[in-house]
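K.L.:
Residue strings, one per chain:
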Amino acid sequence: MTINTSRRGFLKGAAAAGAVLLVGARPDGALAAASSETAQFNPFVKIDADGTVTAIVKHFEKGQGPATGLPTLIAEEIGLTMDQIEYEFAPSDPNVYNNLLFGPFQGTGGSTAMANSWLQYRQAGAAAREMLINAAAQSWGVDASGITIEEGIVKAGDKSAPIAEFVAAAAQLEAPAEPRLKDPSEFRLIGNAAVRRKDSAIKGNGQAMYAMDVHLPNQMVAMIKRPESKGGIALGFDDSASKEVKGYISAAVLPNQAGVAVYAENTWAAIQARDALAVDWDMSGAETRDSDQIRSEIMAALDAEPTYNVNKADIGAVSAAIDGADKVVEKTFYFPLLAHAPMEPLNCTIEQTAEGDIVLHDGAQMPTGPHMAYQQIFQLPPEKIHIKTMLAGGSFGRRATPDADYQVEAALAFVVTDRSRPVKLVWTREDDIRSGYYRPAFGHKVRVGLDTDGNIVGWQHQIAGQSVIKGTAFEAVLVHDGVDHSSVEGVTDSPYAIPGMAVGLTDTPKATTVLWWRSVGHTHTAYAMETMMDLVAEAAGRDPVEFRLAHLSDSTNPDQQRKAAVLKLAVEKAGWGNVPTGRSQGIAVHKSFGSYAAEVVEISGDPENGIKIEKVTCAVDCGIAVNPDVVKAQMEGGIGYGIGHVMRDQITLTSGAVDQSNFPDYEPLRISDIAAIDVHIVPSAEAPTGVGEPGTPPSAPALANAIHAMSGVLVAEHPMAENGVSFA
Amino acid sequence: MSLTLKLNGQTHSVDAEPGTPLLWVIRDELKLTGTKFGCGVASCGACTVHLNGEPVRSCQTYIEDVEDAEITTIEAVGDDKIGAAVQQAWVELDVVQCGYCQSGQVMSAVGLLSENPKPSAEEIDEYMYGNACRCATYQRIRAGVQRASEILEA
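Just so you know, the protein sequences line up as chains A and B, in that order.
Residues in the first sequence are numbered consecutively from 102, following our numbering.
Residues in the second sequence are numbered consecutively from 818, following our numbering.
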């Protein structure tokens with residue numbers, strides 16, 4: 102294989118057979134290795150001799166759509182139909198497949214998959230198109246400017262041929278320095294609501310392969326017996342009862358003593374043998390906190406001087422302005438711990454090859470995490486470790502652990518064996534619910550002062566909770582001046598023009614292991630901001646929509662204009678203010694992950710006898726909607742995820758042990774909970790921004806505002822079902 | 818113990834202890850991985866299969882109780898016209914997101930349409946209540962059942 106470089110960094114490697122065209126980006130600092138005949142070249146697009154085009158997708162697919170979206174970008178630029186492009190998940194290679202917003206780190210998160218791939222994958226497709234066209238120009242003896250590629254057919258005047266005809270010749274050409282990207286007016290696939298998902302059929306007929314479906318020859322299934330409370334240490338075990346289970350193989354204390362691995366011939370034997378295992382625990386260093394204690398610590402922090410004056414406000418002046426205001430609106434909020442509970446319980450499989458390489462089969466959200474961890478655990482160079490990314494059965498943040506928790510656990514369970522058999526680590530739902538990594542509990546205390554004309558004169562906003570970022574590898578990048586931005590995002594950077602805003606933050610002590618959860622800080626900040634906007638508007642005697650728009654009125658501020666536009670569209674589409682008797686509406690609007698979403702929740706019934714969510718209307722501005730139907734689906738899902746949890750769910754601790762264990766006591770949103778969701782997309786020419794998360798933040802406050810409109814009660818603590826609201 | 822299963826029109830000899838959930842025989846012994854493990858306590862429906870045409874949760878169905886039954890899994894449900902219609906509707910409407918629960922959703926939807934060819938939204942909600950979808954694709958599941966009903970009517 103030869104590699105040709107160009108000044109803009111586009112590369113093209115032609116395989117020895119001369120019949121494969123690979124186009125990718127220059128790996129930083131890896132050019133020397135790529136010039137070797139045998140060097141591996143990791144592309145974004147591969148075109149085989151027969152014209153088969155494959156997009157190499159650098160983001161994992163957990164349902165959010167990159168296995169459709171990234172191929173769409175390449176198909177658009179080359180000039181293919183969606184049926185003419187396949188996809189494969191990229192191997193682990195942070196030099197090539199890094200998330201451009203994460204630095205040298207390959208991973209999916211923060212709703213960035215499309216935002217960071219948008220130009221990169223289009224450029225790869227455009228480069229491939231130009232090379233195919235130049236090859237056709239040489240072959241036909243015509244000028245390249247007269248050649249087009251549409252639906253996989255190269256055409257010039259009366260000549261036409263499938264792209265396969267030119268793959269070998271194109272592979273001998275230089276990659277273009279600056280391939281011309283299509284003008285949006287030329288788009289056939291981008292923005293086309295008729296483009297279907299690439300993964301629908303296999304997910305409806307059982308053929309889709311998730312990590313849970315990996316069955317390697319001779320594999321063992323491992324389950325981990327863990328302590329009741331995190332931090333317990335396994336000293337030893339008695340497996341005499343496990344030995345009675347047919348299929349039980351053995352057990353071993355993990356090297357870090359965090360648990361005992363139980364090995365069996367199959368999953369059911371592993372479940373039974375683990376149940377039967379008796380472990381001698383040292384619980385002296387285990388977590389001991391109760392949820393009530395976490396709550397008290399947070400509430401105390403809200404009443405004390407904050408550790409961080411986040412926006413460097415004159416807190417004394419703001420406080421004084423509120424004290425002297427005509428009216429003061431004050432509310433304290435509490436948000437409990439939440440589990441992510443992706444549908445596929447966590448699992449992964451490790452094998453060692455005959456050459457001593459390690460292969461991980463995983464629904465890998467952040468391949469660089471386990472890749473780095475495995476270099477330490479297995480004492481291997483990076484090229485001896487391979488990650489095969491499988492479809493993932495959801496994540497909602499759970500698979501994006503900075504410490505690669507379950508992949509490391511699998512590696513520890515593997516290293517204590519003789520490595521002759523692959524080890525498949527399987528978690529049960531109970532492991533998932535009880536084994537930590539929660540949306541942290543947070544509290545907000547908000548005081549807002551109004552003058553006699555109903556204008557805001559001060560907004561004092563105290564936030565307290567356990568930092569998600571501190572203590573992780575991301576701290577250096579994401580914590581500034583001590584402030585974990587993910588604890589205050591959505592408040593400090595709110596597009597609302599709010600005079601006299603003071604934001605204080607206090608980190609509360611480590612209570613359990615916490616982690617980002619779909620939309621991260623916005624899960625609680627949007628709720629506090631948007632329910633307060635309603636309460637303040639009410640105190641000012643103003644309509645909640647008009648009041649919000651009055652704080653988004655700067656025509657020179659695109660942030661305010663885009664936020665106002667989604668609000669207006671949601672109002673129009675929801676028939677705001679025109680509801681049948683017995684129904685109430687609530688509205689919320691929030692910016693997150695670069696996108697703007699407004700939602701109107703319409704409810705019937707009453708909080709005492711049962712509320713029914715009749716309809717949620719959503720308007721979203723996410724820049725160019727590459728796949729409008731996927732965008733709608735992500736809004737539908739984000740709304741359901743947000744509403745489902747505030748209705749019924751929380752994780753509580755008793756002496757450090759998690760009280761919940763499975764879906765019966767961590768009840769998922771059910772089909773009957775929301776009768777209808779109606780999503781509208783604001784047309785945009787801006788570059789794409791996030792869609793996986795932005796649907797979630799406004800959903801819960803819109804529901805709360807609807808309940809408030811119906812009953813006069815604003816629910817300030819979750820879950821709602823345990824704070825005075827019953828659901829039909 | 819050794820027993821014989823009639824699954825997807827074929828006869829399989831399997832070796833499993835009494836009390837073994839059908840789910841694990843299907844997944845680990847027969848290597849039919851379309852039937853999913855989600856909760857193990859019949860609370861999510863991801864493991865739904867048909868027993869003589871009726872949806873059951875295979876995680877709470879024991880192997881010794883199914884020896885005489887005709888078992889159908891997601892891999893074969895499309896051989897039947899109702900199953901084919903549901904799968905077609907699922908693709909037309911792009912119902913799926915992560916997809917992990919969708920085998921179970923399809924199996925339950927086929928069960929519903931088998932006994933009620935034209936269910937109302939309320940009837941769909943009632944029947945499909947036990948099939949959880951953490952991605953919250955419910956709106957499209959509801960529409961998918963109705964679309965499949967239309968396909969079957971045509």
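Hints should not be assumed to be uniformly reliable.
Each computed DSS-like pair below joins lysine-lysine, with the alpha-carbon atoms no more than 25 Å apart [said to hold, decoys possible]:
1) B/K848 <-> A/K489
2) B/K848 <-> A/K713
3) A/K347 <-> B/K848
4) A/K611 <-> A/K669
A few chain A residues that don't get close to chain B, going by computed Cβ distances all over 10 Å [to be verified]:
5) R298
6) G305
7) N763
Derived by calculation from the structure, the hints in this document are not laboratory data.
Virtual Cβ for every residue (Gly too), placed ideally from N, Cα, C.
K.L.:
Which hint numbers doesn't this structure obey?
P.N.:
2, 4, 5, 6, 7
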